[in-house]
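In the numbering used here, the protein residues as written are 12 to 85.
Honestly, the hints are just simulated from the structure, not real lab data. A portion of the hints provided could be inaccurate.
To be verified - In silico DMTMM-like cross-links for lysine to aspartate or glutamate, where the CA-CA straight-line distance does not exceed 25 Å: (1) K46 - D16; (2) K73 - D44; (3) K40 - D28; (4) K31 - E79.
To be verified - Pairwise CB distance ranges (calculated): (5) I78 - V47: 14 to 24 Å; (6) V67 - P33: 12 to 22 Å; (7) T24 - P59: 12 to 22 Å.
All values reported here derive from a predicted model rather than from experimental measurement. Note that beta-carbon positions come from the ideal geometry of N, C-alpha and C, so glycine has one too.
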Amino acid sequence: MLEKDETLGTLCTLIADVSKVPEAERVQKNGGDGKVYYIMEGDIKVTPGSADMGYVFYLQGKRYDNIEVKCEYA
Numbered sequence: 012m013l014e015k016d017e018t019l020g021t022l023c024t025l026i027a028d029v030s031k032v033p034e035a036e037r038v039q040k041n042g043g044d045g046k047v048y049y050i051m052e053g054d055i056k057v058t059p060g061s062a063d064m065g066y067v068f069y070l071q072g073k074r075y076d077n078i079e080v081k082c083e084y085a
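Construct the complete structure from the given sequences, taking the supplied hints into account.
Below you can see the structure in the form of structure tokens.
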């Protein structure tokens with residue numbers, strides 16, 4: 012995993028609906044902002060299109076759709 016430092020910036024933030032992921036596969040953490048976050052080791056498949064990008068989240072070989080993307084272009 013890459014660690015963020017002064018040479019890295021955020022291009023896109025991907026938010027996945029993990030409500031269908033079994034609780035046993037989610038590690039819950041409380042963030043410094045008071046929100047609840049889940050730590051999961053998975054894969055994100057990115058499919059480039061002519062006008063957009065498609066994103067799919069895979070955890071333990073199972074596909075989870077419903078990924079929201081927020082891009083921050085400099």
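Tested hints:
1. K46 - D16: Given that 25 Å is the threshold and the Cα spacing comes to 23 Å, the pair holds.
2. K73 - D44: 30 Å, violated
3. K40 - D28: Judged against 25 Å, a Cα distance of about 16 Å means the pair holds.
4. K31 - E79: 15 Å, holds
5. I78 - V47: 14 to 24 Å: 19 Å, holds
6. V67 - P33: 12 to 22 Å: Holds, since V67 and P33 (Cβ atoms, about 18 Å apart) stay within the stated range.
7. T24 - P59: 12 to 22 Å: 18 Å, holds
Hint compliance for this structure: hint 2 alone is broken.
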